[in-house]
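K.L.:
Here is what each chain is made of, one letter per residue.
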Amino acid sequence: QKEVEQNSGPLSVPEGAIASLNCTYSDRGSQSFFWYRQYSGKSPELIMSIYSNGDKEDGRFTAQLNKASQYVSLLIRDSQPSDSATYLCAVNYYGQNFVFGPGTRLSVLP
Amino acid sequence: DGGITQSPKYLFRKEGQNVTLSCEQNLNHDAMYWYRQDPGQGLRLIYYSQIVNDFQKGDIAEGYSVSREKKESFPLTVTSAQKNPTAFYLCASTDLGTETQYFGPGTRLLVL
Numbered sequence: 199q200k201e202v203e204q205n206s207g208p209l210s211v212p213e214g215a216i217a218s219l220n221c222t223y224s225d226r227g228s229q230s231f232f233w234y235r236q237y238s239g240k241s242p243e244l245i246m247s248i249y250s251n252g253d254k255e256d257g258r259f260t261a262q263l264n265k266a267s268q269y270v271s272l273l274i275r276d277s278q279p280s281d282s283a284t285y286l287c288a289v290n291y292y293g294q295n296f297v298f299g300p301g302t303r304l305s306v307l308p
Numbered sequence: 140d141g142g143i144t145q146s147p148k149y150l151f152r153k154e155g156q157n158v159t160l161s162c163e164q165n166l167n168h169d170a171m172y173w174y175r176q177d178p179g180q181g182l183r184l185i186y187y188s189q190i191v192n193d194f195q196k197g198d199i200a201e202g203y204s205v206s207r208e209k210k211e212s213f214p215l216t217v218t219s220a221q222k223n224p225t226a227f228y229l230c231a232s233t234d235l236g237t238e239t240q241y242f243g244p245g246t247r248l249l250v251l
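Which chain is which? The protein sequence lines are G and H, in order. If you count by our numbering, then the first sequence holds residues 199 to 308, one letter each, in order. If you count by our numbering, then the second sequence holds residues 140 to 251, one letter each, in order.
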């Protein structure tokens with residue numbers, strides 16, 4: 199059974215701080231990794247994708263992948279109250295199905 | 140304007156009734172998926188289809204059925220056999236080139 203684990207939170211950070219969200223996965227055959235943001239009552243929207251070890255930056259967001267440790271993270275710099283949402287980690291296996299983590303709820307305090 | 144549309148936004152089901160949720164995409168994606176999300180929970184895969192006229196069961200297919208007669212459309216029927224259907228239903232499609240999945244706006248199903 200392929201599993202993706204995340205801390206459910208809530209993770210609370212003050213406005214302007216760095217929020218760090220973590221995700222671990224069970225299958226070493228995983229090929230691609232995604233972070234989605236989901237506001238309450240809405241559908242998930244893609245924030246970042248990462249395919250190879252290392253860091254990938256897009257604006258205030260940085261995704262980090264370590265395949266040896268089966269670990270992927272998302273850093274949000276200069277956190278804003280509008281970043282308050284649930285963040286879903288997703289893993290794709292050999293271009294087939296996606297497995298989603300349960301999500302981490304982030305609260306950015308003004 | 141490309142994207143995934145789902146209808147209706149809200150759907151009410153009576154006991155013993157079958158209901159169908161619509162999902163349409165104009166992204167030219169081959170693969171389409173249905174997920175169920177319960178409050179405070181992650182996404183659970185119901186059915187998926189990677190090609191027209193073919194589909195496979197996901198982790199929680201019991202009480203649901205699908206069809207894939209056109210590339211653009213992947214409707215989900217919630218049958219009377221699904222005893223606890225109240226949930227948020229999400230349709231998604233995947234760009235197989237980038238292996239990226241995109242979601243529709245969702246349908247919230249409630250039982251009367």
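Honestly, I wouldn't trust all of these hints.
Stated by the list, open to error - With a straight-line Cα cutoff of 35 angstroms, these simulated DSBU-like cross-link-like pairs (lysine-lysine) come out:
(1) 200(G) - 222(H)
(2) 153(H) - 240(G)
(3) 240(G) - 200(G)
(4) 222(H) - 254(G)
(5) 209(H) - 153(H)
(6) 210(H) - 200(G)
(7) 200(G) - 196(H)
(8) 265(G) - 153(H)
(9) 200(G) - 148(H)
(10) 265(G) - 148(H)
(11) 210(H) - 196(H)
(12) 240(G) - 222(H)
(13) 222(H) - 153(H)
(14) 240(G) - 148(H)
(15) 200(G) - 209(H)
(16) 210(H) - 240(G)
(17) 200(G) - 254(G)
(18) 265(G) - 222(H)
Everything labelled a hint here was simulated from the structure, so no lab data went into it. Fair warning: this is a prediction, and the values are worked out from it, not measured in the lab.
K.L.:
Against each hint, give a clear statement of whether it holds in the structure.
P.N.:
Verification of the hints:
1. 200(G) - 222(H): Holds. Residue 200(G) to residue 222(H) sits at ~27 angstroms (cutoff 35 angstroms).
2. 153(H) - 240(G): Satisfied, since the Cα-Cα distance of roughly 24 angstroms is no more than 35 angstroms.
3. 240(G) - 200(G): 26 angstroms, holds
4. 222(H) - 254(G): 44 angstroms, violated
5. 209(H) - 153(H): It holds: about 29 angstroms lies between the C-alpha atoms, which stays within 35 angstroms.
6. 210(H) - 200(G): Judged against 35 angstroms, a Cα distance of about 28 angstroms means the pair holds.
7. 200(G) - 196(H): Roughly 16 angstroms separates the two Cα atoms, so the pair holds.
8. 265(G) - 153(H): 48 angstroms, violated
9. 200(G) - 148(H): 31 angstroms, holds
10. 265(G) - 148(H): 39 angstroms, violated
11. 210(H) - 196(H): 18 angstroms, holds
12. 240(G) - 222(H): Answer holds: residue 240(G) to residue 222(H) is near 24 angstroms, not above 35 angstroms.
13. 222(H) - 153(H): OK: residue 222(H) and residue 153(H) at ~11 angstroms, within 35 angstroms.
14. 240(G) - 148(H): 11 angstroms, holds
15. 200(G) - 209(H): Holds, because 30 angstroms separates the two Cα atoms, which is no more than 35 angstroms.
16. 210(H) - 240(G): 25 angstroms, holds
17. 200(G) - 254(G): Satisfied, since the Cα-Cα distance of roughly 25 angstroms is no more than 35 angstroms.
18. 265(G) - 222(H): 40 angstroms, violated
Comparing the model with each numbered hint stated earlier shows that hints 4, 8, 10, 18 do not hold.
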